[in-house]
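4 protein chains.
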Amino acid sequence: MKLKLTTPLIIVNFKTYLEATGRKAVELAKQAEKVSKEIGITIAVAPQFTDISSVAKAVEIPVFAQHMDPIKPGSYTGHVLAESIKEAGAVGTLINHSERRLKLADIDAVIELTREQELISCVCVNNPSVSAAAAALKPDIVSIEPPELIGTGIAVSRVQPEVVTTTVKLVRNINSDVTILCGAGISHGEDVATAIRLGTQGVLVASAIVKAKDPYSVLREFADAA
Amino acid sequence: MKLKLTTPLIIVNFKTYLEATGRKAVELAKQAEKVSKEIGITIAVAPQFTDISSVAKAVEIPVFAQHMDPIKPGSYTGHVLAESIKEAGAVGTLINHSERRLKLADIDAVIELTREQELISCVCVNNPSVSAAAAALKPDIVSIEPPELIGTGIAVSRVQPEVVTTTVKLVRNINSDVTILCGAGISHGEDVATAIRLGTQGVLVASAIVKAKDPYSVLREFADAA
Amino acid sequence: MKLKLTTPLIIVNFKTYLEATGRKAVELAKQAEKVSKEIGITIAVAPQFTDISSVAKAVEIPVFAQHMDPIKPGSYTGHVLAESIKEAGAVGTLINHSERRLKLADIDAVIELTREQELISCVCVNNPSVSAAAAALKPDIVSIEPPELIGTGIAVSRVQPEVVTTTVKLVRNINSDVTILCGAGISHGEDVATAIRLGTQGVLVASAIVKAKDPYSVLREFADAA
Amino acid sequence: MKLKLTTPLIIVNFKTYLEATGRKAVELAKQAEKVSKEIGITIAVAPQFTDISSVAKAVEIPVFAQHMDPIKPGSYTGHVLAESIKEAGAVGTLINHSERRLKLADIDAVIELTREQELISCVCVNNPSVSAAAAALKPDIVSIEPPELIGTGIAVSRVQPEVVTTTVKLVRNINSDVTILCGAGISHGEDVATAIRLGTQGVLVASAIVKAKDPYSVLREFADAA
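Protein chains in written order, with my numbering: chain R, 1 to 226; chain E, 1 to 226; chain C, 1 to 226; chain V, 1 to 226.
Take the hints with a grain of salt, since some may be wrong.
Copies of the same chain look alike in the list, so a pair counts if it works inside one copy or between any two.
Said to hold, decoys possible - Calculated cross-link-like contacts (lysine-lysine; reagent style DSS-like; alpha-carbon spacing at most 25 angstroms):
| hint | residue 1 | residue 2 |
| --- | --- | --- |
| 1 | K213 | K169 |
| 2 | K2 | K34 |
| 3 | K24 | K103 |
| 4 | K24 | K213 |
| 5 | K34 | K213 |
| 6 | K72 | K169 |
| 7 | K34 | K72 |
| 8 | K169 | K57 |
| 9 | K57 | K34 |
| 10 | K37 | K138 |
| 11 | K103 | K30 |
| 12 | K138 | K2 |
Since the hints were made in silico from the structure, they are not lab data. On a predicted model such as this, the values are computed, not experimentally measured, just so you know.
Please model the complete structure; the sequences and the hints are all you need to start from.
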C-alpha cells in the first residue's frame, strides 16, 4: 500500500554531491532520521540510484529516487524502472527536477507508473503556470522551484513570495488534494517558516543541508521552523 | 588501479528486465560467477543502477553500470555519476547502448571520466563506420550491435558476418589496443564461437541469458564456445 | 495584432512528406485555400520550416510552423525562432506534436513566446490528462491526438469517442476559452462531423490530405462536414 | 551533382541572430557574395531554415543549412529533411554544432543522408579527439570549435593553437581528404591567417560577422587574410 506522508514535509535531495554519495549518503540519511524522530516531522531523503538500497536499509524515514523513466520492464538499458527503485526500498520519486526535465507526456506516464507501483510522485516545476499544468496530472506532490534560485542560498519564499502564493492559488484551483512544496535557496529556518505561511506544506532542499558543515544542525533548524 | 579484463570476454547486460531486478539480479550474477569460475573465462554483468552495490557485494566477477552521465560531482539531480557507480562496486560501464544513445561529445566526455576514475569503458555502436568513430575516442572496449537484431535471437555473427569483419578491420586501422565485442541476437554457443572466429574478443549478450529458463546452462554453453 | 481564427477549424499538417515539400507544399496550400474560400471555413496549413515563406506568399489562408524552439534571438544554431517564422509569414505554430515532443517547461516557454510575438499556439497532446495540463498553460488551441492512431486511417472520433469527450470535459473544467481540436486517423467527412459533435471545434489532419490522390476532394469533404 | 568547394573556405553561420533573420539574412548574404567575388574566395552562408530559400534565390554563393535531422521523408512533424533543404537551395549543412549537438549514431546517419542527396556535410566538433571520431565518419568537412571560446572574440587559432594542430594531426591520421576548418572567437584577419598556417583550410565564423557594424569590411578583412 502506498505510504501517506504527513505534513509538514521536508525532502532532502542528495543530487550527485560527493558529500552525499555512497557511505556518506547513508550517514546523511541517518542525520535526517535523527532530526525526524526528535521533532516528529516527516523528512524524506532522495539519494542517488546506486545508494537507494543501502540508505533504505539503514533508515526508517521515506526514501525517494531522484528520477524515474517512463518505462515498463524490458529492453531499456541504462534506464530507471519503477519496480527497481521500489524493490531497492524507495517509496516515491522526484519527477522533472530542473536538472532532469522531462517531456510533458513522459511526466504523465511516470505519474501513471507511480500509481501502478504505489509510489509517491513529486513533480518539480519552475513557475506558477507550469505548477498548474503539473497539478492537472494529479501527482501526490508538486514542488515549485525557480531554477535561477537553486543553489544560491537566496530563498524563493523570501525573495519571490508571490511566486509561491500564485502557485498555491493556481494549483488549488485545479487540485485540492496535492501537497505543495517549494524549494530553491532555502537556507534558514525562517525560509521554511515563510514557505509554510505562504501556503505550502513544506520544502524541497539540497545544498543547504548536503553542503553544510553540520547537516544535523541545519536540518534541525528547518524542522523546528516547519 | 583499473582492472584489466582478460579475453575472451562475455558481458551480460541485465537491462531493465524483471528477471534481473533486485534479488534476481544477485541470483543471476551468481550464476554468471559460477560459470566464470568453472570455465576460467571472464564474465562481467551489467545490472541496473539500483542493483550495482548488492550485486558487487555478492560476487567477485566484474560489475558494469549500464550507463553513466558526462558529469562531475555537483548539482545533477537524477544523473549517474562515475564516483557513485565506482563506490557502489562497478569496475566499468556500458556507454551509448542502442537503448541509451549519447551525443558524440558526451561519449567522449564519459570516456574521459572513466579514465580519471579508472573505470573500464565499453562503447556500444550500431554499425562499422560508427565503430571506427568510437575507436578513435580510445575506449577500452567497442561493442558492435546492429539495433535491428537486438533481442531477436538472430545472431549478428551468423547473419551479418561482414558487419563484424568490417568493424574489426575499420577499428583496427585506427586503434590496435581496443577490445572488440559484438552483440545482438547471440543465442547459441556457435554464435559466440563465430563471433570470435570473425576477429572479436567476445560478446555482449542480454535476453538470451536473462530470459532463459536456465541461464546457467546457456551461459555455460556460451563460455564453452568462447 | 494576433490573428483570430474562426471555428470550425481544420489544420493540415504537411509533416516531412515529399508530397508536401517545396513546390508541392505551395500547390497543396493552394488547394486548401480553394476549399477554404468555397466553403467559407478556416483551413490552416503547417508546412516545413523551409517552405513557410513561399507558402505564405502564395496563399491567404493561415500558415503555421510545425514546431518552435523555446529561445530568444541569439546563439542558437539550428533552432527555430519565433521572430523568424513570423517574418517568414507564419501566424502560429504547432507545439509538442507527438513526433516532436517537448519538455513541459519548454512548452510553457514556447507558449509565452508566441504571446509576445502575437502568434497562435496549438499544443498537441496524447491523452485527456495531458490535455488538461496543456490547457492550464493557456494556449490558444489544444489538439488531442492519440499517437497510436496517427497515420492509421482509424479516426479517434470514431473509435475513441470517450477520449475526445473526456478531453473536452477536463479541458473545459480548467479553461473555457481554448479552442479544442482532435486528430489522428481522421479520414472521412463523417470523422470530422463526429469530432465536432463530440465537442471539439475542428480537426488536425495530415496523411489523409497530404497522401490523397486528390487532396482537394478530401479536404472539400472534410470542410463540408465541419 | 555535389558541389565541390574550393579552399580556403569561409562559412558564415547566421545562427538565430535578429541581425541575420529574414530580409536581413538576404542582405548579409549579399555582402558575403560581394566579398567572395571581389577576392575570389569561397564564402558560404548558413541562414536559418526559414531563410534558406530566399537567400539561395538572392545569391550565387553556397548556402548551408544549420542542422539536418536523421530522417527520410515521412511522418516527422517539426523535423528538417535533406530533400527539403536541398529543394530550398541549400548545397550542404552544418551538423552537430555545439549549440545543436547530435547523438553519434545520428551524426553518422545524417552524413549518409547528405551523401545520398549530394549535399556537403560539415561536422562541428569540440576537441581534437572528437574531431578524429568525426573524421572516421568521412564527412566532407570537419570544423573544430572549442565551445568555451564561441562568441568570445578570443580566437581559437590565437589562444589554443595546439588544439588546432592536434586536430589537424589526428584527423589526417584517419582521413586525408576531409577539409578541416576551425572556429570560435575568430575576430581578425590575423586569426584567419593563423588558422590556415596551423593547417586548416579555412574558418567557420558567426558573431564577428553577423554582429559587426560593417559585416562587409570584416568579411573582407577575413577573406584578404585567408
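Verification of the supplied hints:
1. K213 to K169: neither (37 angstroms within a copy, 49 angstroms between copies)
2. K2 to K34: Close inside one copy (23 angstroms), not across copies (38 angstroms); limit 25 angstroms.
3. K24 to K103: Answer is neither; intra-copy 32 angstroms and inter-copy 31 angstroms both fail.
4. K24 to K213: within (13 angstroms within a copy, 39 angstroms between copies)
5. K34 to K213: Answer is within: at 17 angstroms inside a copy they meet the 25 angstroms cutoff, but 46 angstroms across does not.
6. K72 to K169: Neither. Shortest intra-copy (35 angstroms) and inter-copy (29 angstroms) distances fail the 25 angstroms Cα cut-off.
7. K34 to K72: Answer is neither: 36 angstroms inside a copy and 30 angstroms across each miss the 25 angstroms cutoff.
8. K169 to K57: Answer is neither: 39 angstroms inside a copy and 45 angstroms across each miss the 25 angstroms cutoff.
9. K57 to K34: within (15 angstroms within a copy, 28 angstroms between copies)
10. K37 to K138: Close neither inside one copy (30 angstroms) nor across copies (44 angstroms); limit 25 angstroms.
11. K103 to K30: So K103 and K30 fail the 25 angstroms test inside a copy (34 angstroms) and across (35 angstroms) alike.
12. K138 to K2: within (15 angstroms within a copy, 33 angstroms between copies)
Comparing the model with each earlier hint shows violations of hints 1, 3, 6, 7, 8, 10, 11; every other hint is respected.
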